[in-house]
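Below, each chain spelled out in residue letters.
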Amino acid sequence: MPNPYEVIPATIYDIVQESPLIRTLRLKPDLPIRFKTGQFIELSIPGIGEGPFTPSSSHFGSDVMDVTVMKTGFVTEHIHKARVGDRVGLRGPFGTWYPLEKFEGKDLLILGGGCGLAPLRSLFLTLVDEIKKYRSITFLAGAKTPADCLYKQAVSEWQSYPGVRFIRAVDAIPAGENWEEDVGVVTMLLPKVSVDTSVNPAVVCGPPVMMKFGTFDLLKMGFKEENIYLSMEKKMYCGFGQCRHCVMGSFYACKDGPVFTYAQIKNEEGLWD
Amino acid sequence: MIIKVDDLMAFLRNSVLAESDLFQEVILPLRLKEGSNMVSFLSRLGASDSYFLDGFRAVDPIKLVFYGAREQVYPVAAKPVQRLIAGVKACDLKALQLLDRALINKDFIDPAYKVWRDSTTILSADCTEAGPACHCTLVGGKPYSEGGFDLNLSRIDDSYVLTTGSDKGRELLEVIQCTAVVKDLEARAQKAILEARTKITELVQSRNSDFLRSEEYRGLREGDMSVWGKESRQCVGCGACTNICPTCYCLILNEEGRTDTFVKVRSYDSCQWQGYARVAGGASPRPRMRQRFRNRYLCKFLYMPSNFKTLGCTGCGRCTEACPGQIDFRTVVRDVLELPAPELGNPPGPNAQEKREV
Numbered sequence: 001m002p003n004p005y006e007v008i009p010a011t012i013y014d015i016v017q018e019s020p021l022i023r024t025l026r027l028k029p030d031l032p033i034r035f036k037t038g039q040f041i042e043l044s045i046p047g048i049g050e051g052p053f054t055p056s057s058s059h060f061g062s063d064v065m066d067v068t069v070m071k072t073g074f075v076t077e078h079i080h081k082a083r084v085g086d087r088v089g090l091r092g093p094f095g096t097w098y099p100l101e102k103f104e105g106k107d108l109l110i111l112g113g114g115c116g117l118a119p120l121r122s123l124f125l126t127l128v129d130e131i132k133k134y135r136s137i138t139f140l141a142g143a144k145t146p147a148d149c150l151y152k153q154a155v156s157e158w159q160s161y162p163g164v165r166f167i168r169a170v171d172a173i174p175a176g177e178n179w180e181e182d183v184g185v186v187t188m189l190l191p192k193v194s195v196d197t198s199v200n201p202a203v204v205c206g207p208p209v210m211m212k213f214g215t216f217d218l219l220k221m222g223f224k225e226e227n228i229y230l231s232m233e234k235k236m237y238c239g240f241g242q243c244r245h246c247v248m249g250s251f252y253a254c255k256d257g258p259v260f261t262y263a264q265i266k267n268e269e270g271l272w273d
Numbered sequence: 274m275i276i277k278v279d280d281l282m283a284f285l286r287n288s289v290l291a292e293s294d295l296f297q298e299v300i301l302p303l304r305l306k307e308g309s310n311m312v313s314f315l316s317r318l319g320a321s322d323s324y325f326l327d328g329f330r331a332v333d334p335i336k337l338v339f340y341g342a343r344e345q346v347y348p349v350a351a352k353p354v355q356r357l358i359a360g361v362k363a364c365d366l367k368a369l370q371l372l373d374r375a376l377i378n379k380d381f382i383d384p385a386y387k388v389w390r391d392s393t394t395i396l397s398a399d400c401t402e403a404g405p406a407c408h409c410t411l412v413g414g415k416p417y418s419e420g421g422f423d424l425n426l427s428r429i430d431d432s433y434v435l436t437t438g439s440d441k442g443r444e445l446l447e448v449i450q451c452t453a454v455v456k457d458l459e460a461r462a463q464k465a466i467l468e469a470r471t472k473i474t475e476l477v478q479s480r481n482s483d484f485l486r487s488e489e490y491r492g493l494r495e496g497d498m499s500v501w502g503k504e505s506r507q508c509v510g511c512g513a514c515t516n517i518c519p520t521c522y523c524l525i526l527n528e529e530g531r532t533d534t535f536v537k538v539r540s541y542d543s544c545q546w547q548g549y550a551r552v553a554g555g556a557s558p559r560p561r562m563r564q565r566f567r568n569r570y571l572c573k574f575l576y577m578p579s580n581f582k583t584l585g586c587t588g589c590g591r592c593t594e595a596c597p598g599q600i601d602f603r604t605v606v607r608d609v610l611e612l613p614a615p616e617l618g619n620p621p622g623p624n625a626q627e628k629r630e631v
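Chains A and B are the protein sequences, given in the same order. FYI, our numbering numbers position 185 of the first sequence as 185, with every residue one higher than the one before it. Going from the second sequence to our numbering is simple: count from 1 and add 273.
Looking at chain A on its own, in the form it has when it is part of the complex (with noise of 0.2 Å):
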């Protein structure tokens, strides 16, 4: 068995600015590493130290690979100074992934917001790779205000896929921004979806209190407990289950997670903090 702490050096090719806090790093491995959309990796910085991101591109770009970043912390404040050319490490990919054979021919909700877009994205891309399997796909994505909003170059691209419908909701309106879209918390979207609830398939993710309102609103629109899939942050140091800092009662985020459906942990401590 290799080495599990194995670290594959890889070069940032590309940043793009998302919002002030928020930049995507675009990665080239060292050697390409295989991926599923909903995994993660291990971000390191030599000598710094290294934290827990979702790839936010396809799982189908063969060599390369984005990873959205907030500055909230000490690393990802290194992160932010990375300059195109530095080298960074990863570790991985770990975890589970989102089921997407369960998606097919299925009419898939995501619902998103903050830098939980990040994972969506990933997701989102990897369907609309081979978006004939799914019979269409609501993305619902807010964020704090215009400015916070995230992947803004993209929008009009994903609003014209067929069978694709992504609406952008902002929490509010700071003096000075402009917006035409829907404004108030993401959950505020949920009344304009209109898929048969009973048997369709929804995608979770977000800040905690995001995360807990959209999923008791998402069983209150009548999807199932197990058709209901969450990306959990919790604090994944090591990505296979030895350093147990993510661990929810008897699960691990990194290893049984972070994809969980909500009726696997619905009974789990500290769920949403």
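Heads up, a few of these hints could be off.
Derived lysine-lysine pairs resembling DSS-like cross-links, with alpha carbons at most 30 Å apart [claimed, not checked]:
no.	chain 1	residue 1	chain 2	residue 2
1	A	LYS255	B	LYS387
2	A	LYS255	B	LYS379
3	B	LYS387	A	LYS266
Honestly, the hints are just simulated from the structure, not real lab data.
Once you've looked at the hints, dock chain B against the given chain A.
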């Protein structure tokens, strides 16, 4: 097989002094001070006549020998040296069994742990005494080993009865036989072992007769939070209990490379520390001390059993011994399971009810 204690000790002392072909390192428990029955594996002090294989488990857990407090895991720095560790007690062997399941399994192998595990021969010994905090019998353990060793020693008067448990052990026995007199076992000695084992088991049992056994711990998760709060009042969150626990293996992974090389170093972490489960942005599932305090108990008695099919507690009592707040694990469990929450005037939990009826 049976050997005189003096002969075995002479063999071990010689192995420490002269580098034999078989072992480059021999780790023996040393008395902490003259006349003391407390021993340490890590102690390098004292005259060599203070080696002591009997008594009860060492102050330091055996995990230190296999899972270092700080070890480089990428690139792997551990170099296999053939080692012998002697005087290991049953509770530590049981802990090693859990670590084996956690660190060497089909999904994951910790490279450094595997190196140390493969290159170490374990000579275990039956307990002949019980420490003040020893409570293996409460958690399904025994003060003697029935497996997990390469060679086991059972003390009978001035001799050790040798039991082999693996090929490594049989190989070691052959080496011992080259330099020392090893005789066949008489039926009388068999009986003496059983008697000694029963006696020490009864001693541990009698010292713990006021406490609950692990079969009764099922209600821990439902225990009232205010009782956990009360129990943790003396806890300063230092992490001594987890660092000294033979089954705790939570780690911090540090990146210690330079410019464009990557070096991964793991060191012990503690779920008792505030930053343990905190994610970027500051959210934490267990921000309060009472939650983290409770987490250790649930991990040992619910989470680890569900992950590894064995309790996370071996009854060594080191957490109780190491606690600067003098918190005794046994009383905490008893209080949580039995006490009503007086401040809130709650009725006793279902388990307390049952207990009283029995």
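Comparing the hints with the structure gives:
no. : hint                  : verdict
1   : LYS255(A) / LYS387(B) : holds (21 Å)
2   : LYS255(A) / LYS379(B) : holds (13 Å)
3   : LYS387(B) / LYS266(A) : violated (36 Å)
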